[in-house]
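**Q** Those sequence lines, one after another, are chains X and F. Residue numbering for the first sequence follows the numbering used here, beginning at 97 and increasing consecutively. Residue numbering for the second sequence follows the numbering used here, beginning at 97 and increasing consecutively.
Treat the hints with care, since some could be wrong.
As the list makes no split between identical chains, a pair holds if one copy fits it or if it spans any two.
Said to hold, decoys possible - With a Cα cut of at most 30 Å, we get these calculated BS3-like pairs of lysine-lysine: (1) K172 with K198; (2) K108 with K242; (3) K229 with K133; (4) K258 with K143; (5) K143 with K259; (6) K305 with K327; (7) K295 with K198; (8) K259 with K162.
Honestly, the hints are just simulated from the structure, not real lab data.
There are 2 protein chains.
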Amino acid sequence: MKTKEFRQLISKGEFAKPTAGYCTGFVQANMLVIPKKYADSFEEFGKLNHKAIPILEVIRDSYYTKILADNANLLKELPSYNIFEDGKYVRSVKNIEEYYSKDLVFFLVGCSFTFETSLINSGILLRHVEEKKNVAMYDTNIKLNKVGIFEGNMVVSMRPIKKDRVSEACVITSHFPNMHGGPIQVGYPEMIGIEDITKPDYGDSIEIKEDEIPVFWPCGVTPENVLKNVKLPFAITHSPGHMFISDRKDSEYYV
Amino acid sequence: MKTKEFRQLISKGEFAKPTAGYCTGFVQANMLVIPKKYADSFEEFGKLNHKAIPILEVIRDSYYTKILADNANLLKELPSYNIFEDGKYVRSVKNIEEYYSKDLVFFLVGCSFTFETSLINSGILLRHVEEKKNVAMYDTNIKLNKVGIFEGNMVVSMRPIKKDRVSEACVITSHFPNMHGGPIQVGYPEMIGIEDITKPDYGDSIEIKEDEIPVFWPCGVTPENVLKNVKLPFAITHSPGHMFISDRKDSEYYV
Numbered sequence: 097m098k099t100k101e102f103r104q105l106i107s108k109g110e111f112a113k114p115t116a117g118y119c120t121g122f123v124q125a126n127m128l129v130i131p132k133k134y135a136d137s138f139e140e141f142g143k144l145n146h147k148a149i150p151i152l153e154v155i156r157d158s159y160y161t162k163i164l165a166d167n168a169n170l171l172k173e174l175p176s177y178n179i180f181e182d183g184k185y186v187r188s189v190k191n192i193e194e195y196y197s198k199d200l201v202f203f204l205v206g207c208s209f210t211f212e213t214s215l216i217n218s219g220i221l222l223r224h225v226e227e228k229k230n231v232a233m234y235d236t237n238i239k240l241n242k243v244g245i246f247e248g249n250m251v252v253s254m255r256p257i258k259k260d261r262v263s264e265a266c267v268i269t270s271h272f273p274n275m276h277g278g279p280i281q282v283g284y285p286e287m288i289g290i291e292d293i294t295k296p297d298y299g300d301s302i303e304i305k306e307d308e309i310p311v312f313w314p315c316g317v318t319p320e321n322v323l324k325n326v327k328l329p330f331a332i333t334h335s336p337g338h339m340f341i342s343d344r345k346d347s348e349y350y351v
Numbered sequence: 097m098k099t100k101e102f103r104q105l106i107s108k109g110e111f112a113k114p115t116a117g118y119c120t121g122f123v124q125a126n127m128l129v130i131p132k133k134y135a136d137s138f139e140e141f142g143k144l145n146h147k148a149i150p151i152l153e154v155i156r157d158s159y160y161t162k163i164l165a166d167n168a169n170l171l172k173e174l175p176s177y178n179i180f181e182d183g184k185y186v187r188s189v190k191n192i193e194e195y196y197s198k199d200l201v202f203f204l205v206g207c208s209f210t211f212e213t214s215l216i217n218s219g220i221l222l223r224h225v226e227e228k229k230n231v232a233m234y235d236t237n238i239k240l241n242k243v244g245i246f247e248g249n250m251v252v253s254m255r256p257i258k259k260d261r262v263s264e265a266c267v268i269t270s271h272f273p274n275m276h277g278g279p280i281q282v283g284y285p286e287m288i289g290i291e292d293i294t295k296p297d298y299g300d301s302i303e304i305k306e307d308e309i310p311v312f313w314p315c316g317v318t319p320e321n322v323l324k325n326v327k328l329p330f331a332i333t334h335s336p337g338h339m340f341i342s343d344r345k346d347s348e349y350y351v
């Protein structure tokens, strides 16, 4: 199905599931919505922490996309939204029209789905995809560069890679600098403060086989985690896995 | 000094040292010389084991280069040669004119010096270069693809890389597929049959610091090692570190 048609289905409330595997070949993005008074700081924060928070589009005084899609309505064209108050999750909704005010700024942020497609197309199998699980994600001791009230540590995602494909996995993902790019760590979780690889802080535990190496990429959960930590009075995000499906092809972000 | 002038100095016997650090920016190559009856098999062996044996030029019925340099004389324009009989090293010489016969075929093979320059230029420090040591090299359990009498295991070189630069090191070196390309292993020596990282089989032992990861690349010692194993009646190689300095720029082999 075409991306625009798919988003219309979503906006009618006829699709409210995770978007992985839909509209393959098109960029999916994380979304964050915060009050205007924090937006400049957050935009700068993204720039200074680009590997973890690659901002693809910022929308002020409107809720329609210009770059990622032609006039997609961000109030209803995502399958599910999470509402946060004072840094705490309060509820999930299928439509955020009632929450909109001109005071809100929308950020669309790159997502690793894009490079995952590229890895799989190169014959590098991803266990969480094969087993239809969520990727394993971990808090780390990697400090982000602070801007204003925004600070915190990087969250990483882990994918076990066959021992002889690690270098290729680095190369392939490095071609997508706006989708988190190459790994931040290869092989040694303890070096970035992960104590127990079998117990991810987010997502599912993923088996690492004997001939595989755990490889860690900066993760799109990082900004959401920061938003919670800094306890913004109000914020909206996409619900995990329920991404914004754009009109941009993965290949447009291949560098 | 220009590469041609430098080779002329060598041919007059006025330079007989290792070539690392000379004519920076120009490709240096390994050389192997074997009898014609084995040459086709060896050329095919190189093709099927390209990461370890990237053949850059083959010269038959002559000893002058065409691709890597304009008419360099391979009998005397390398600083030192090793002579092998029945797979055994017998002596080093500065000139192989007396050993030449039309029965010999010359192979020039890519060398990791090229990608090392590129790593250093990107701010990735190489301890063996800084400490003016030889790189640490190890026999592995990685089987080469057999062709005719030619078979054996891959030899790898190890460079300790800072934990947060590993992915970049993979990317940079992968741009030089004819100079061994990206790593064959990242982080886990035991996965490729290396039991004691502190005891290399060739070269010098190189310290691995706490925030570094050992990264392994296919190594140009592989073909020499195979030649010894298969006990050819006669063979000549460059002496380790005493490479052929070509007229080709490193950047010409950047893909």
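**Q** Now tell me if each hint is right for this structure.
**A** Against the structure, the hints come out as follows:
1. K172 with K198: within (16 Å within a copy, 78 Å between copies)
2. K108 with K242: Classified as neither: same-chain Cα gap 40 Å, cross-chain 61 Å, threshold 30 Å.
3. K229 with K133: neither (37 Å within a copy, 56 Å between copies)
4. K258 with K143: Classified as between: cross-chain Cα gap 24 Å, same-chain 33 Å, threshold 30 Å.
5. K143 with K259: between (33 Å within a copy, 23 Å between copies)
6. K305 with K327: Neither, since 39 Å and 39 Å both go past 30 Å.
7. K295 with K198: For K295 and K198, the Cα distance exceeds 30 Å both inside one copy (41 Å) and across copies (66 Å).
8. K259 with K162: Result: close neither inside a copy nor across copies, 42 Å intra and 39 Å inter.
Taken one by one, the earlier hints fail for this structure at numbers 2, 3, 6, 7 and 8, listed in ascending order.
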